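Using the sequences and the hints, build the whole thing.
Sequence order for the protein chains is A and B.
Just so you know, the first sequence maps onto residues -7 to 333 in this note's numbering.
Just so you know, the second sequence maps onto residues -7 to 333 in this note's numbering.
No wet-lab data here; the hints were simulated from the structure.
Since this is a predicted model, take the numbers as computed values, not measurements.
A few of these clues could be false.
Copies of the same chain look alike in the list, so a pair counts if it fits in one copy or across any two.
With a cut-off of at most 25 Å between alpha-carbon atoms, the simulated DSS-like pairs for lysine-lysine come out as follows [what the hints assert, rightly or not]: (1) K318 / K190; (2) K221 / K75; (3) K75 / K190; (4) K136 / K221; (5) K75 / K201; (6) K314 / K221; (7) K173 / K67; (8) K314 / K75; (9) K201 / K318; (10) K318 / K136; (11) K173 / K314; (12) K190 / K67; (13) K201 / K67; (14) K136 / K314; (15) K173 / K190; (16) K173 / K318; (17) K221 / K190; (18) K75 / K318; (19) K136 / K201.
There are 2 protein chains.
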Amino acid sequence: MAQRATTIAFDVMGGDHGPAEVVRGAALLSLEAPHIHALLVGDGQVIEEALASTRHHGERISVHHAPSFVAMHEKPAAALADKPDASVVVAARLVADGEADALVSCGNTGAGVLAAARTFQLLRGVRRAALASVYPTRTGHGEKQDPFSLILDVGANVDATADDLVTFAVMGSAYARIISKNPQPTVALLSNGTEAMKGPPRVVEANQKLAQHPGVRFVGNIEGVDIPKGTADVVVTDGFVGNVCLKMLEGVSETVVELARYAYASRLRWRVGLWMLASGLNQLKELTDWQQYGGAPVLGFDRLFIKAHGRSHARAVANAGKVAAKAVSSNLAQAIQAGLG
Amino acid sequence: MAQRATTIAFDVMGGDHGPAEVVRGAALLSLEAPHIHALLVGDGQVIEEALASTRHHGERISVHHAPSFVAMHEKPAAALADKPDASVVVAARLVADGEADALVSCGNTGAGVLAAARTFQLLRGVRRAALASVYPTRTGHGEKQDPFSLILDVGANVDATADDLVTFAVMGSAYARIISKNPQPTVALLSNGTEAMKGPPRVVEANQKLAQHPGVRFVGNIEGVDIPKGTADVVVTDGFVGNVCLKMLEGVSETVVELARYAYASRLRWRVGLWMLASGLNQLKELTDWQQYGGAPVLGFDRLFIKAHGRSHARAVANAGKVAAKAVSSNLAQAIQAGLG
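Below, the structure is given as structure tokens:
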């Protein structure tokens, strides 16, 4: 009995490396994942040309033309008003209509979130969707002891009420269970102290609610120092703070190397050590490069949207497709809905 | 003509290494800085005993007994209610009464800020004081190209209005001018995007106000990635976000080393490189250890309070005393008042 294929709609346009790179990612996916069908949405001619020069499994890829697209620098609301048939909107509509099961885009984040918000339905009990991201930590998490935690919201909204934070905790918990194979993920609230009473009113109230929540393994408040440590499997905060933290992590390994250079440029042993480490540090940069891990899921809608980083190369695009398919086949949205009660 | 001595009141109690370590810091200061007088506040007998076994310049140190003190773990408001004559309160009162010019403490941060708030006067136009901290960056700042920026608020309050953020910008700017010898420090607002319209309403409004502020060299919004880079000399944010960011920076170099170990334990060349770097990385940890730089000033009062880190050793205590004396002799409070207009 053949497994029913999961169809992932890829918004092929708007990534930093152009549509051909996203097509190459889908082509890679078609060779590796027999249970996934890739529906490529964007400039039909460009897609066909890219496919013609890339090895792929033809039966697992189809193309849907979209006449326009949103560029990285455009303002989301204005761009969607100008281009009602932009690739990310067309792709979201195909998902909403059941032609595909989930959406992946490497384009403009705000435009993608807005297209999803206008096309998908919020789950019952969810007031606001959240953008989540995995990031590297010092300690392992889940069955495979992967050195990654999940943080959300990282920028879908600039603020959050106590109830929003509780919803984010439930959604992040479900995602960690299903995608990171972590049966009982620990969930923490980010604050300026570990005590339950620390933080702004919304955080104090969310702490009280989460402490009594039956479906979340809540471990209390954590501080900034706990983010890189990986004290919790899921870190809950509002989109403003989460965005600042995630971007700080992005620049961090690079910065430490530079600081080391500054401080110890005059010591030969340190210089030799740095030279020996250089290739390792470059790969470390990759490791701390959050978009490598299948992209950032937008949680809270009935359909999944995975926002892969604009810089994504073919491998990251293929990974995002796999994560999206896994979320679909594992019924992530239903799991979140069940957790919300 | 002799320079008038600046008197710094040291709250000797409540630091992680005990009162003797703070006394040793003041002793060091007395040997190095003829223009500074140290007024040591705490358990008189303990202080005298510590002084007896430490080389110091007797004419530059005096002792003021306080019968109790606030421990690190105590809740500030309750502790001050129980102990109206705790060392940090007595020391703050001596400063308010003109017996000393500024306050330095390594004890409980909340208790120190509360004691200052109850004893000192807010400057005209300041609604809330802010705790500021220097932190290490990749790029140099000011005349000496020091690789440090200033960030505030890092935790005096958990939130801030647009006007508070503008006040923080003026105060941080004055501090960077006077203490970091940076005649025209650049000031940035931390947000989730560099565009002026990005962020929660308070940040958007603060951006508009700062763009028109004559006394602040405002360079607009920066993102999390710009914090370690050092894009701005002064980073302005609310106490909740600033506290999370500062604590993330604290744990960061350690984390990168651990990640490097995790990722490359199996490669001999990398292992040797790491071993060669080990002592450098330990010193790098010191470099990224923010309390080494004379402590965190509480800005916005008519008197200066420098909160040195609980972990401060004698050298850091002495540095905090020097920074406090420099702020006093340079009329920091007047400079802030002038900037507020």
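Status of each hint after checking the structure:
1. K318 / K190: Intra 37 Å, inter 34 Å, cutoff 25 Å: neither.
2. K221 / K75: neither (43 Å within a copy, 37 Å between copies)
3. K75 / K190: between (46 Å within a copy, 23 Å between copies)
4. K136 / K221: within (17 Å within a copy, 34 Å between copies)
5. K75 / K201: Answer is neither; intra-copy 42 Å and inter-copy 34 Å both fail.
6. K314 / K221: For K314 and K221, neither the intra-copy (28 Å) nor the inter-copy (34 Å) Cα distance is at most 25 Å.
7. K173 / K67: Close neither inside one copy (37 Å) nor across copies (40 Å); limit 25 Å.
8. K314 / K75: neither (29 Å within a copy, 61 Å between copies)
9. K201 / K318: neither (30 Å within a copy, 48 Å between copies)
10. K318 / K136: Answer is within: at 17 Å inside a copy they meet the 25 Å cutoff, but 54 Å across does not.
11. K173 / K314: within (15 Å within a copy, 54 Å between copies)
12. K190 / K67: between (36 Å within a copy, 11 Å between copies)
13. K201 / K67: Between copies only: 23 Å across, 36 Å inside.
14. K136 / K314: This pair counts as within: shortest intra-copy Cα distance 18 Å, inter-copy 51 Å.
15. K173 / K190: neither (31 Å within a copy, 35 Å between copies)
16. K173 / K318: Within. Shortest intra-copy distance 11 Å satisfies the 25 Å Cα cut-off; inter-copy 56 Å does not.
17. K221 / K190: Classified as within: same-chain Cα gap 20 Å, cross-chain 29 Å, threshold 25 Å.
18. K75 / K318: neither (31 Å within a copy, 59 Å between copies)
19. K136 / K201: Cα proximity of K136 and K201: none, with 30 Å in one copy and 50 Å across.
Hints 1, 2, 5, 6, 7, 8, 9, 15, 18 and 19 from the list above are not met by this structure, while the remaining hints are.
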